[in-house]
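The listed protein sequences derive, respectively, from chains A and B.
For the first sequence, the working numbering assigns the number 26 to the initial residue and increments by one for each residue that follows.
For the second sequence, the working numbering assigns the number 26 to the initial residue and increments by one for each residue that follows.
Certain hints may be false.
Copies of one chain are not kept apart here, so a pair can be met inside one copy or by any two copies together.
[Unchecked claim] Below are the SDA-like pairs computed for lysine to any residue, each with C-alpha atoms no more than 20 angstroms apart in a straight line:
#1 K204 to A354
#2 K317 to S225
#3 K317 to R55
#4 K317 to D64
#5 K47 to D148
#6 K237 to D148
#7 K237 to K317
#8 K317 to G74
#9 K204 to P269
#10 K47 to E347
Keep in mind the hints are simulated off the structure, nothing from the lab.
Number of protein chains: 2
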Amino acid sequence: MADDHLTYEDSGVDYDRIDPLKVLAQRAARATGVHLERDGAREVAASRGESAYVVDIGDAYLASITECLGTKALVADAMREASGRTWYDHIAQDTIATAVNDLVTVGARPLSIHAYWAAGSSDWFDDVERMNDLVDGWKAACDVLGVAWGGGETPCLTGVVEERAIDLAASCVGIIRPKSRLTLGEDLAAGDAIVLLESSGIHANGLTLARKLSERLPEGYATVMPGGRTYGEALLDPTVLYPPVTEAAFEAGIGLRYIANITGHGWRKIMRHPGLFTYRISEVPPVPEVLKFMMDETRQTAEEAYGSLNMGAGFALFVRPEDGDAAVACAESMGVRAWVAGVVEDGPRQVVIEPLDVTLAEESLALRD
Amino acid sequence: MADDHLTYEDSGVDYDRIDPLKVLAQRAARATGVHLERDGAREVAASRGESAYVVDIGDAYLASITECLGTKALVADAMREASGRTWYDHIAQDTIATAVNDLVTVGARPLSIHAYWAAGSSDWFDDVERMNDLVDGWKAACDVLGVAWGGGETPCLTGVVEERAIDLAASCVGIIRPKSRLTLGEDLAAGDAIVLLESSGIHANGLTLARKLSERLPEGYATVMPGGRTYGEALLDPTVLYPPVTEAAFEAGIGLRYIANITGHGWRKIMRHPGLFTYRISEVPPVPEVLKFMMDETRQTAEEAYGSLNMGAGFALFVRPEDGDAAVACAESMGVRAWVAGVVEDGPRQVVIEPLDVTLAEESLALRD
């Protein structure tokens, strides 16, 4: 492997050190579910490990989630001067997408969103254009989603958040009604079709790697890719909002067996379901130029790239065998390209990407976060 | 005023620069409420400006909130070595308290909590004792509250969060059922009793001032206060969890007209309700030593101190005139000292603290955040 090989593991996030906390927290959290039983509510225990927490309140389920943007805003900040724009309208959509794209995987319709915008100093608020873009982008995403922006926190956390940075997160509450919409994967079966939905680019995962790569490029984010766009600009394409697709699919009566948001760990998220299944992919969506560029420049193998980045597929629907084409039609009616890309089989837990001769095997990574 | 006079405004948080963003965001957020109307849900518009956002889902209301701890964890970090303990069990309770104490002011019962723990580097996770204390304290608070810990985010945000720090927040979902529990203050009237509930100390507001003061004290957090405890240790007394009191009050049929969590801006939060009322206080709860110490050492007047810190009263219930004593009994049955401390009157919006000869007048500060 060449010296300039760069993987996600090289880029600085050390999951081995964070995982013990996650395990401790998950164990402690699990023990609190019983509290709900005394009050006419009930935990849906099968939702633990899924992307959103689900509570049965009688005639409906509630789903809730809190998600963090990560470090993507640092790319926008680095691009601010050279590009003459703030990109925070895109960053706002990215932040909301991290929450709602997870929330809808359990069958929920998002109702309300809270913003969490923690700045490192009062200076952050002096860039009025950036502030306006953040608000406008946040509202625009809520409008697309048909979600109420319920409120939020805009603290100034000097000493906690880096002086010129902002920590962005979103929490979201959704409702699952009728209750039959609950989608936790209990019915997933061999023969089900795997429908992949296009991504717009890197979305909000892999940014630590992307930032590391920019440091290696002589022109950094200003590097012009073969198609003519700069690397930095392409990184900032906003994350696709998938809830309109899941809403359309539920309304169309598509038999949704399971839903996975393809985020960290890339296509390994396709095997997020805990069952013993092999996911055989026969059609690979086109790769956004920025992801192809990253794969090439970091000298990653296809196995490494598909195992850590979305590579053009940002979301997966697992549907009844006969519903693949209808699911694709639903997605495309909402402006999102989609493909019946493969099939679920009985077998060892792995993703087999036949056109690339790549197999992503189950391993210890915490795929169910 | 002496040279060593130090107020909240001096301590570094410049609200004048943050407020424009809040105003922009609140205006944009308000315009998204209509989205709910198409789906059998409905925004409770009167909840905008209150401490939690409320949605009518038919046979119940949902309430949701996201709240940030602020900078209190920096005090725990500073005390780590000298005291030989991490204090993160207390910090966990503080973080949860910021969310649930706000959530219950609208009449909600908290159902589930999500953790948001964003560390500045993987190194944060190497202090196993601190990690354990954070998890144990979080779970213990959930147990006291009877709330389900639904999940959370534990990202590592190098470049966004300061290298040795952690940004802690909590989001909470609650239910208001029966719907008659909704408490938005519409019935608040002259003659209602003001019941103040004890605080345990500084809680999670005023920590920037507290940290600034520690820099001025020759022995910093190790300064021994007259009663024998150190300043740092006393600052870390965990925030009182008030939801058991509000639950008991609803169960006892207390006529709750309005509820206010006394946080930033201290006793000015007593006039949080938007109506034209004067809040006349005739009994002042004992002041926790750490707050008395801060007031003395910063040379603040009573008006400054009561206008920025909780000064011994962390939560206020506004109840029917005849229910004051019953509300006190409810609180004390849950181990929280309480006082029928005053009365609501028609008049200009102000808090009159008669025993101290202090009047806190309405002003431009964003009291309704």
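Now the hints, each set against the structure:
1. In the homo-oligomer, the alpha carbons of K204 and A354 never lie at most 20 angstroms apart, since the shortest distance is 25 angstroms inside one protomer and 41 angstroms across protomers.
2. Proximity of K317 to S225 under the C-alpha cut-off of 20 angstroms is restricted to the intra-copy arrangement: shortest distance 13 angstroms within a copy versus 56 angstroms between copies.
3. Taking CA atoms no more than 20 angstroms apart as the test, K317 paired with R55 passes in neither setting, with 40 angstroms inside one copy and 41 angstroms between copies.
4. Neither within a single protomer nor between protomers do K317 and D64 lie at most 20 angstroms apart by alpha-carbon distance, with minima of 52 angstroms and 41 angstroms respectively.
5. Proximity of K47 to D148 under the C-alpha cut-off of 20 angstroms is restricted to the inter-copy arrangement: shortest distance 15 angstroms between copies versus 34 angstroms within a copy.
6. Taking identical chains as interchangeable, the C-alpha atoms of K237 and D148 lie at most 20 angstroms apart only when they sit on different chains, with a minimum of 19 angstroms there against 26 angstroms within one chain.
7. Taking CA atoms no more than 20 angstroms apart as the test, K237 paired with K317 passes inside one copy only; the shortest distance there is 16 angstroms, against 50 angstroms between copies.
8. Within a single copy, K317 and G74 get their C-alpha atoms no closer than 31 angstroms, and across copies no closer than 47 angstroms, so neither meets the 20 angstroms cut-off.
9. Proximity of K204 to P269 under the C-alpha cut-off of 20 angstroms is restricted to the intra-copy arrangement: shortest distance 19 angstroms within a copy versus 31 angstroms between copies.
10. Proximity of K47 and E347 under a CA criterion of 20 angstroms is satisfied in neither setting, with 39 angstroms inside one chain copy and 49 angstroms between copies.
Taken one by one, the earlier hints fail for this structure at numbers 1, 3, 4, 8 and 10, listed in ascending order.
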